[in-house]
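Using the sequences plus the hints, can you model the full thing?
In the working numbering, the protein residues as written are 41 to 174.
Hints were generated in silico from the structure; no laboratory data involved.
Since this is a predicted model, take the numbers as computed values, not measurements.
Positions of the beta carbon are idealized from the N, C-alpha and C atoms, including for glycine.
Incorrect hints may appear among the rest.
Pair by pair, the computed Cβ-Cβ distance ranges are [unchecked claim]:
(1) Asp56 <-> Ser122: 31 to 41 Å
(2) Arg51 <-> Tyr85: 15 to 25 Å
(3) Val67 <-> Glu174: 24 to 34 Å
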Amino acid sequence: MKEHKVQLRVRYSETDQMGVVYHGSYVPYFEIGRVEWLRNKGISYKELEESGIALPIVSMHLNYKKPARYDDLLTVITKFKSQSSVKVEFDCEIRNENDELLTTAHFILVFVDVKLGKPVVPPKHILELFNELE
Numbered sequence: 041m042k043e044h045k046v047q048l049r050v051r052y053s054e055t056d057q058m059g060v061v062y063h064g065s066y067v068p069y070f071e072i073g074r075v076e077w078l079r080n081k082g083i084s085y086k087e088l089e090e091s092g093i094a095l096p097i098v099s100m101h102l103n104y105k106k107p108a109r110y111d112d113l114l115t116v117i118t119k120f121k122s123q124s125s126v127k128v129e130f131d132c133e134i135r136n137e138n139d140e141l142l143t144t145a146h147f148i149l150v151f152v153d154v155k156l157g158k159p160v161v162p163p164k165h166i167l168e169l170f171n172e173l174e
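Next up, the structure:
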């Protein structure tokens, strides 16, 4: 399955004085979504890093449609879009309890050899997963 959903509740510290989620709080929400997407596919981000491979964001685009608010239960939806060579792309969205679309995002991440600081082809088992999804 190309898509994975995870729920989280907005904490007070993630909001401004009006109880609206601060724009910078969305990036960690989407990170939770990507890490859980990987975990759901049997890929531990921790183990990936321990093997010497990181997966930094090289491009992100967020579109805020409606505000999330303090104590809202949010659903972060992460969808695999594509993989080519050393990069992987995800389309993501956040919805509230009423299934209203609040935020959309597009991320491009690159597999990087931590020691060399250079892009690297993903491990074979990850490539096989991506090939099954395309």
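Hints, verified against the model:
{"no.": "1", "hint": "Asp56 <-> Ser122: 31 to 41 Å", "verdict": "35 Å, holds"}
{"no.": "2", "hint": "Arg51 <-> Tyr85: 15 to 25 Å", "verdict": "22 Å, holds"}
{"no.": "3", "hint": "Val67 <-> Glu174: 24 to 34 Å", "verdict": "26 Å, holds"}
Of the numbered hints given earlier, the model fails none.
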